[in-house]
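Colleague: Residues 56 to 375, numbered by this note's numbering, are exactly what the sequence shown covers, in order.
Some hints could be false.
[To be verified] Taking lysine-lysine and the DSS-like style, the derived pairs with C-alpha atoms no more than 25 Å apart in a straight line are:
no. : residue 1 : residue 2
1   : Lys-178   : Lys-197
2   : Lys-236   : Lys-197
3   : Lys-169   : Lys-197
4   : Lys-197   : Lys-343
5   : Lys-224   : Lys-178
6   : Lys-261   : Lys-125
7   : Lys-116   : Lys-224
8   : Lys-261   : Lys-116
9   : Lys-125   : Lys-197
10  : Lys-224   : Lys-261
11  : Lys-236   : Lys-343
12  : Lys-343   : Lys-169
13  : Lys-236   : Lys-224
14  : Lys-178   : Lys-236
[Unchecked claim] Label-pair distances were calculated between CB atoms; the ranges are:
no. : residue 1 : residue 2 : range
15  : Arg-188   : Glu-336   : 46 to 54 Å
16  : Glu-90    : Arg-192   : 34 to 42 Å
17  : Lys-116   : Glu-86    : 22 to 30 Å
18  : Arg-188   : Asp-267   : 22 to 30 Å
19  : Ser-369   : Arg-194   : 34 to 42 Å
20  : Thr-270   : Ala-367   : 18 to 26 Å
FYI, nobody ran anything at the bench for these hints, they're computed from the structure. All C-beta atoms, glycine included, are put in the ideal place defined by N, C-alpha and C.
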Amino acid sequence: MTYFQRNTFASVLLILSPGIFAQETALPPVENPYENWYQVEMLIFKRADNGSDFDKETWPKSLSLAYPPKVQHLIDPNAPEPQQPEPLQQEPPVAEEQASEATEHALADAALSKHQPYTLLEKERFLIENVERAVARERGLKILFHQSWLQPIAGLDDAPALIINGGEKFGEHSELEGSVKLSLSRYLHIHTDLWLTQFVANYGQKIDHWPDLPTQPQALQPVDMALEDVDLNAPLTSLNADKAAGFELSMEQPNQGFDGNNMGVFTDFSYMTERPFLINEIITLTQKRRMRSDELHYIDHPRMGILIKISAFSGSEKSQ
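Starting from the given sequences, assemble the full structure and let the hints guide the process.
Modeller: This is the structure we're talking about:
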């Protein structure tokens, strides 16, 4: 190799060496911790029953109301934190694996510490401006639920159902209950399974038979509250069913009912004290809708309505 060739080759190596060195020491790209995260704002209202023929529509009574097995509660950051159980003691893992897992958890916690999923946001961060004022101007509408939160949205099979409740409280239940599932494929999709219940005071009157409302799944932990192993459809035993009805059946004292003159087994008024409210009507809203991000969508119903807007979230304070 001549002197000129050696110098030329050395010059080429000198030029290429920074690129080669950079390739050897380049760090892997940082993953976006908010990939497929969205901010959701949803408002649900009911229409007043003004006694018109339109409002007297007959609603089916043969309903099957239930919560799905995989649910997620929305978290109120101002609510008192539940007491956490002490973790079970386990055998310590290998030191190297333990350090690796600790590093991964620390990075994940640091990335998500500022924005927690499924946590209710303050009104200053809502997406739809003046929506409550606009709904309030419409005669006969009452807002039952209006919240905004951040969440990752997955495919239909992996998406949890969000527990929804709103309106006035009647014992252990609310006017509005049920769940909403948000999923992502090519488009965003919403699946609603909500029921609006009209309650009346129980003073021993006869009333149409409506199915019992399902018990709302309880939150297991403040952040990760998916109920995967809870059987929400387990039937009541006959003993519990009798107690839930507020009376006990007896072969020696048959149930004689309550007609105002014959008190029967209701002499102690246990039926009214244990069930102070009765169900007068249940209206369901079960729909599927395809949506686009950053657009306001309206889901209509004869007795209810939903306004919802979903915007992609990248980590900023407000995504619009």
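Colleague: If a hint holds in the structure, say so; if it does not, say that too.
Modeller: Do the hints match the structure? See the list:
{"no.": "1", "hint": "Lys-178 - Lys-197", "in the structure": "19 Å, holds"}
{"no.": "2", "hint": "Lys-236 - Lys-197", "in the structure": "23 Å, holds"}
{"no.": "3", "hint": "Lys-169 - Lys-197", "in the structure": "34 Å, violated"}
{"no.": "4", "hint": "Lys-197 - Lys-343", "in the structure": "23 Å, holds"}
{"no.": "5", "hint": "Lys-224 - Lys-178", "in the structure": "23 Å, holds"}
{"no.": "6", "hint": "Lys-261 - Lys-125", "in the structure": "37 Å, violated"}
{"no.": "7", "hint": "Lys-116 - Lys-224", "in the structure": "22 Å, holds"}
{"no.": "8", "hint": "Lys-261 - Lys-116", "in the structure": "16 Å, holds"}
{"no.": "9", "hint": "Lys-125 - Lys-197", "in the structure": "30 Å, violated"}
{"no.": "10", "hint": "Lys-224 - Lys-261", "in the structure": "23 Å, holds"}
{"no.": "11", "hint": "Lys-236 - Lys-343", "in the structure": "9 Å, holds"}
{"no.": "12", "hint": "Lys-343 - Lys-169", "in the structure": "32 Å, violated"}
{"no.": "13", "hint": "Lys-236 - Lys-224", "in the structure": "23 Å, holds"}
{"no.": "14", "hint": "Lys-178 - Lys-236", "in the structure": "22 Å, holds"}
{"no.": "15", "hint": "Arg-188 - Glu-336: 46 to 54 Å", "in the structure": "29 Å, violated"}
{"no.": "16", "hint": "Glu-90 - Arg-192: 34 to 42 Å", "in the structure": "39 Å, holds"}
{"no.": "17", "hint": "Lys-116 - Glu-86: 22 to 30 Å", "in the structure": "51 Å, violated"}
{"no.": "18", "hint": "Arg-188 - Asp-267: 22 to 30 Å", "in the structure": "38 Å, violated"}
{"no.": "19", "hint": "Ser-369 - Arg-194: 34 to 42 Å", "in the structure": "40 Å, holds"}
{"no.": "20", "hint": "Thr-270 - Ala-367: 18 to 26 Å", "in the structure": "35 Å, violated"}
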